[in-house]
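Peer 1: Chain by chain, the residues run as shown.
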Amino acid sequence: MSIQIRTMAAMMASGESPDILFWVGCAGSFDDRAKKITKALVKILNHCKVNFAVLGNEESCTGDPAKRVGNEFTFQMQALMNIEVLNGYEVKKIVTACPHCFNTLKNEYPGLGGTYEVIHHTQLIQDLINTGKLALADNGTFKGKKITFHDPCYLGRANDVYEAPRVLIEKLDAALVEMKRCKTNGLCCGAGGAQMFKEAEKGNKEINIERTEDALETSANIIATGCPFCNTMMTDGIKHFEKEEDVKVMDIAELIANAADL
Amino acid sequence: MHQLIFSVLTLVSFGFFAFNLRKIAQNIHMGLPLDRTDRKADRWRTMLLVALGQKKMFTRPIPALLHLSLYAAFVITQIELVEILIDGISGSHRFFQDSLGGFYTFMISFIEILSILAFIGTIAFLARRNMLKLPRLSMKELVGWPTLDANLILVFELILISFIFTMNGADEVLRQQVNQTNGFAISSWFGPLLFGGITDTQTLHILEQIGWWGHILMVYTFMNYLPYSKHLHIFMAFPNTFYSKLDPKGQFTNMKSVTNEVKLMLDPNADPYAAAPPDAAPARFGAKDVTDLTWKNLMDAYSCTECGRCTSACPANTTGKLLSPRKIMMDTRDRMVELGDYKRKNGPDTDDGKSLLGNYITEEELWACTSCNACVQECPVNIDPLAIIMDLRRFLVMEESKVPTELTGMLTNIENNGAPWQFAAAERLNWANED
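Here the protein sequences come in this chain order: P and C.
The opening residue of the first sequence carries number 0 in numbering that gives the first Met the number 0; numbering runs sequentially from there.
The opening residue of the second sequence carries number 0 in numbering that gives the first Met the number 0; numbering runs sequentially from there.
Derived from the structure by calculation, the hints contain no laboratory data.
Among the hints, a few may not be true.
Claimed, not checked - Covered, in the sense of this in silico footprint (three residues per stretch, anywhere, with C-beta under 8 Å from a C-beta of chain P), are these stretches of chain C:
1. 235-249
2. 258-267
3. 287-294
4. 315-322
As the list claims (entries may be wrong) - Simulated crosslink set (DMTMM-like; lysine to aspartate or glutamate; CA at most 20 Å straight-line):
5. 170/P <-> 200/P
6. 201/P <-> 362/C
7. 244/C <-> 159/P
8. 204/P <-> 363/C
9. 42/P <-> 433/C
10. 197/P <-> 362/C
11. 197/P <-> 405/C
12. 55/C <-> 126/P
13. 139/C <-> 200/P
14. 34/P <-> 333/C
15. 401/C <-> 83/P
16. 197/P <-> 363/C
17. 34/P <-> 405/C
18. 35/P <-> 426/C
19. 201/P <-> 405/C
20. 34/P <-> 363/C
21. 262/C <-> 83/P
22. 255/C <-> 83/P
23. 35/P <-> 434/C
Said to hold, decoys possible - Facing chain P, a subset of chain C residues (Cβ under 8 Å, in silico):
24. 367
25. 409
26. 418
In this text, a Cβ means the ideal position worked out from N, Cα and C, and glycines have one as well.
Isolated chain C (complex conformation) (with noise of 0.2 Å):
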C-alpha cells in the first residue's frame, strides 16, 4: 500500500513539475531568435565557474558563505533522494546501506553535516530578512507575494531538514534498542537527545515514518513550488550562464533591420520605390513587449532571484531615481507569465492588449539609467538587464518618438553637424590654434 502511493505521488509530482517546466519553455520561445551556440568551450567554462562554482558570490562573503552551505546540502542531498525513491517503490529500507558499508556511513554523515550548515544557513537568511531589513531586501518592488515567496521558501527548508533528523533520529534510536547504530555523524548523538525518552517501538518506528514521509513530501513540495517561484535560479543558474553575452560588455548589439534602412539611405543607386523584402523590417524597431525581446532576455527574467545586488550597485537607484534593475527583471518576468498565460487560453495570435512598456515599466525609469553596466557586473549569475532597458529604449526613440528634449537637440546636432552640441565640423581642428 505504501509503495503504491508512493509511486503514484511520485508520478504526479513529477509529472506536474514538466507540465510547469513545459509552459515556461513555450513563455521563453515567445522571445526573438538569438544566436548563442558559438564559443561551446568559453560558454562551459563560464557555466562551471558562474553557476556551478559560484564566482561572482564571493564579492560578498558572509552571504556567499551561507549561501554555499544552503547550496551543497541541496545539491548533495540529491544523492540521498535516489535511495529514497528506491526504498520507496521497493519497500526496502535504506537500500545502500547494506552493500555500500561505510562509504554509506560517511555519505549520509556528511549529508548531515551540510544540512546542520544550512539549516543554519537558512535561520541567518530569516533573520537577514527579517529583522536585520537589509535595504536591497526591503524594498518597495519585494513588498507583497515576493517578500512572502522569500521567506516561504526559507521555511520550506527548515521543515525539511526537521524531517530528515526526524527520520535519522528516531532511526538510530531504533538501532541502538538493539545495540547497534548508524554511525551518522549528526543523528548518532542528536537521536538519542530528542528521543531517546521514547521507549515504545512502535512509537519511533511512526516517528521514523513522518521524518521519511514528511521528508518526500517536502521534496515533492518544494519541486513544484519552483515553476511560480523566483527560485527557479537554482535550475535557470545554470543555463543562463552558459548562454552569457560573452562579448565585451560595452558593446550593444547593431540592430540588422535598421543597418539594411540605413544603407538603402546612404546608397544613391537605391530605388526608393522599389518594394521591401519580404524580410526587410521587423514587427517594430526595439521592444513594446516581451515578445520583441530575445529569448536570452526572457530567460534572464526567470533566472532573478530577486536578491538585488544590481539595484543596490545602481547608480541611478541609489540616488534615489526611479529605476531599479531587479523591477526591470521582475517586470519583465511577470509580463511574460501573464502574456504567456493570455496565449495558452486565447490562442498564440492573440494579445490582451498590454504591455511590458507602459504596463509595467514606465519612460522615468528607462531614463534614468546611465548605462554603467554595474547591474551587468554585479549579477550572480549574469542577467543582463541593461539589455532590456536599451531595447525598451528604442522603441520609445524609434517607434514613438518620445524623447526628453534635451536628447532632441542633442540628436539633431549629431544629424546636421556631427557633433553632440552646436559646432561645426569646420571647427574641429580650431583648439590645435588655440592657446
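Bound-form chain P, shown alone (with noise of 0.2 Å):
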C-alpha cells in the first residue's frame, strides 16, 4: 500500500485545512530506522482517513537537544521559528511520534506564544481504536508472543503517560511483560538529555546495556518502545548481547500497522 501524504503548503492552497498535524521530528525524517516508524503511523493514519498534514521542509527541530544541553539560545531560536510557521497556519492539535518533540511542544512552547493540544501517537492510535476507525485483524502476527514496554522517560516520567502504549499491547494477541523498572521507576534508555549526541561519561557499563538486560529478564521476544532515540539504544543493547535474531526492537506503532494488516 502507497502512503498518502499532504503538507501544510499544499493543502493550505488548494484552500484545505487538516485536522492534525503531523509532527516527524528530526528522527522520523532523517533516521533510518525511525523512518520506518514514521510510515507505519502514516500508514495508520491513511488507514484511519485522518485528515493530516505534516510541513515537510518547514518543519525543523524543535530544540529539544539544544535545551538539554544548556544552550536556551539556541532552543527559542529554534521555538520561535516553529511557533511562527505553526501559527501561521493556525494549527489547533499535533501528534507525534517522538516524545521529545512531544515534551517540548507540549510543554515549553505555550510559554513562547505557541499554545496547541499535543498528543503522542499512542494517544492518537488508541482514540481511533477506541472510536472504532481501526480495528486489529485476526491474523495471528502476534500470538503467543511476549511484549515487554520501554517507558521513555519524557512521555513516562516528564508527561505521565503510562497507560496509552500499554493499552494497545493489550490489544494485540500478545502477552504483556513489564520489566522489574517500569512506569514511574523504568530505567532511562540512555539517550536523554542529548546523551544521544554524545560518548557518554566514564563509567563502568553503558546505560542502554544495564537497561537490556531489564528487558532481557522478560524473555519478552519484543521490546515495544515509543520514541525512536530509546529505539536506537535498546536496538543497540540487542545488538550488544547478538539476540537480534531472538529479540525484536519494534515501535508501538509498527506492532499496531502489523495487526491490522497494514
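Reassemble the complex: the two chains are provided individually, in unrelated frames, and hints are given to aid placement.
Peer 2: Structure, rendered in C-alpha cells:
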C-alpha cells in the first residue's frame, strides 16, 4: 500500500485545512530506523482516513536537544521560528511519534506563544481504536508472543503517559510482560538530555546495556518502545548481546500496523 | 530553683534555635526570586500527601514503616511536651493527669507504644547503616560528617526514648508503693521490671527527675542540633513540598532573559545600538554559584536528608558515572552555608571567590545527566536536583562555551540546517518516497 502525505503548504494552497498536524521530528525524517516508524504511523493515519498534514521542509528541530544541553539561545531561536510557522498555519492539534518533540511542543512552547493540543501517537492510535476507526485483524502475528514496554522518560515520568502504550499492547494477541523497573520507576535508555549525540561519561557500564538486561530478563520476544531514540539505544543493546534473532525492538505504531494488516 | 533553671534553659534553647532559623532563612534568600504562590489548593494537597502522609516513602514499604514509627512518635510526643513545659515552669507534676483522667492515660499510653516502636525502628536503622551497609547509605559522598551526623541523630533518639521510660518507669514504681498506678501501657509493667527492686523513695524520685530533665535536655539538644544537620528535613519537608514544582516534570523553564535577546535578533526593526533596558539581562546566564539559583533550589538543599533514593535510581550513577544527584544537593547546601557565613561576616556584597561550579561540582558530573527525572520522581520530599544540574549546564554552555565536542557539532547542525544531524531541510520529506 502506498502512503498518502500532504504538506501544510499544499493543503493551504487548495484552501483546505487538516484536522491534525503530524510533527515528524528529525529522527522520524532522517534516521533510517525511525523512518520506518514514521511510515507505519502514516499507514495507520491513511487507513483511518485521518485528515492530516506534515510541514515537510518547513519543519525544523523543536530545539529539545539544545535546551537539554543548556543552550537556551538555540532552543528559543528554533522554538520561535517553529511557532511562527505553526501559528501561521493556524495549527490547533499536533501528533508526534517522538516523546522529546511531544514534551517540548506541549510544555515549553506555550510560554513562548505557541499553544496547541499535543498528543503522542500512542494516544492517537488508542483513540482511533476506541472510536472504531481502526480494527485489528485477527492475523495471529503476535500469537503467543511476549512483549515488554520500555517507558520513554519524556513520555512517562516527564508527562505521566503510561497507559496508552500498554492498552495498545494488550489489544494485540500477545502477553504484556513488565520489566522490574517500569512506569514511574522505568530506567532511562541512556539517550536523553542530548546524551544521544555524545559519548557517555566515564563509567563501568553503558546505560542502554543495563536497560537491555532488564528487558532480556523478562524473556520477551519483542521490546516495544514509543520513542525513536529509545529504539536506537535498545536495538544497540540487543546487538551487544547478539540477540537480534530472538528479540525485536519495535515501535507501538509498527506493532499496530502489523496487527491491522497494513 | 528548678523552675528558674528550667525557664532560663527554655529561653536560651528557643532563642538559639530562632537565631539559627534566621540564618537559614537568610541563606535561602540569597537565591533568585521565583513565583510559587499559584494553585494554592494543589499545593496544600501536595504537602498533606507527600510531607504529612509520606506518600512517596511507601514505594519502599519496609523503610517506610520503620520511618513512620519514628515520625509518628516524634509528632505525637510534641503533645506531651506541652505538659513538660507547664510542669517545668509552674513546678507541677503531670499537670493534665487529674483533669484529663482516662484520656490522659490513653494519650501517654499511645506515646509509650509509639516510643517503643520508634526505639525498634531506630535500632533497625542503625543496623542497616552500620552492619548491613546498604549501598546507598555507604557511598563516598557520605564519608565523614554525613555518616557521623546520621548516626548521632539515631543515638540521640535512643537516649531520648530511654529517658522517657526512666521517667515514666520510676514514677510508676513510686505510685505502686502507695498502691496506685499511672496505668500507662508500657511503663506500668516495664517500670517495675526496671526499678521494682528499688525501695528507697528518694532514689526513685531522683531517677524520675533524671528521666524528666534528661528528656527535656535531649529535646532541646535535638532542636538545636537540627540546623546543623541533614535532619532538618523534619521541618523543611513541609514548606518544600508546598512549594513543589507543579508543572509536568519534563517542562524546563524558558529563560525570559534569553527570550528578550532572541526576539531582538529575530526582529528586523530592532535597533542594534539601542541602549539595553535596565532589566534586560541578568548578571549571567545559568548558574555558577548558589546566588544564581532560585530560592526554591536552595530550600531543596536544606530539605535533603541524604537518603540517596535519587542516586540509587540515577541511571548515570548506577552505571558507574561520577554524577550523584544527592551529592548535587549536599554540595549546594554546603556551598550555601559557606557563602552565607562569609557574607554575614564580611558584608552582603562580598564574595569569597569560590563557587558551586568548580569548587564543589565538576563538569564531568553535569555531563553525565540524561535528564530522565528519575531523581525527581524518587525524592520523598519533592526535591528537584535536575533543575540545578540544568542551570549549571546553562552557565557552562552559554557563559563559558564549555561544551563536549560532539555536542558542539550537534548544536551547529541545529543552527545551520534545523536538525541535530547534517541533513538539509529540503530532504525532510525524502522518507515518503523511499522504500
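Peer 1: With a cut-off of 20 Å on the C-alpha distance, tell me whether residue 401/C and residue 83/P pass.
Peer 2: Outside the cut-off at roughly 31 Å; violated.
Peer 1: Run the distance test for residue 255/C versus residue 83/P: straight-line Cα separation, threshold 20 Å.
Peer 2: The given pair, whose Cα atoms are some 18 Å apart, holds under the 20 Å limit.
Peer 1: Have a go at the residue 367/C hint: is there a Cβ in chain P nearer than 8 Å to its own Cβ?
Peer 2: holds (4 Å)
Peer 1: For the pair we were handed, residue 204/P and residue 363/C, check the Cα-Cα distance against 20 Å.
Peer 2: holds (16 Å)
Peer 1: Could you grab the alpha-carbon distance between residue 244/C and residue 159/P and see if it respects the 20 Å cut-off?
Peer 2: holds (15 Å)
Peer 1: Count residues of the segment 258-267 of chain C with a Cβ under 8 Å from any Cβ of chain P, then say if the count reaches three.
Peer 2: That given contact holds, which follows from 6 residues of the segment 258-267 of chain C lying within Cβ reach (below 8 Å) of chain P.
Peer 1: Need the status of pair residue 201/P, residue 362/C: alpha-carbon distance at most 20 Å?
Peer 2: Given that 20 Å is the threshold and the Cα spacing comes to 12 Å, the pair holds.
Peer 1: Is the Cα-Cα distance between residue 34/P and residue 405/C 20 Å or less?
Peer 2: violated (24 Å)
Peer 1: For the segment 235-249 of chain C, do three or more residues have a beta carbon lying closer than 8 Å to a beta carbon of chain P?
Peer 2: Result for this restraint: holds, n = 4.
Peer 1: For the pair we were handed, residue 35/P and residue 426/C, check the Cα-Cα distance against 20 Å.
Peer 2: holds (16 Å)
Peer 1: Compare the distance between the alpha carbons of residue 197/P and residue 405/C with 20 Å, and conclude whether the hinted pair is satisfied.
Peer 2: Answer holds: residue 197/P to residue 405/C is near 5 Å, not above 20 Å.
Peer 1: Are residue 35/P and residue 434/C close enough, with their CA atoms no more than 20 Å apart?
Peer 2: holds (9 Å)
When each numbered hint is compared with the structure, violations occur for hints 3, 5, 12, 14, 15, 17, 20.
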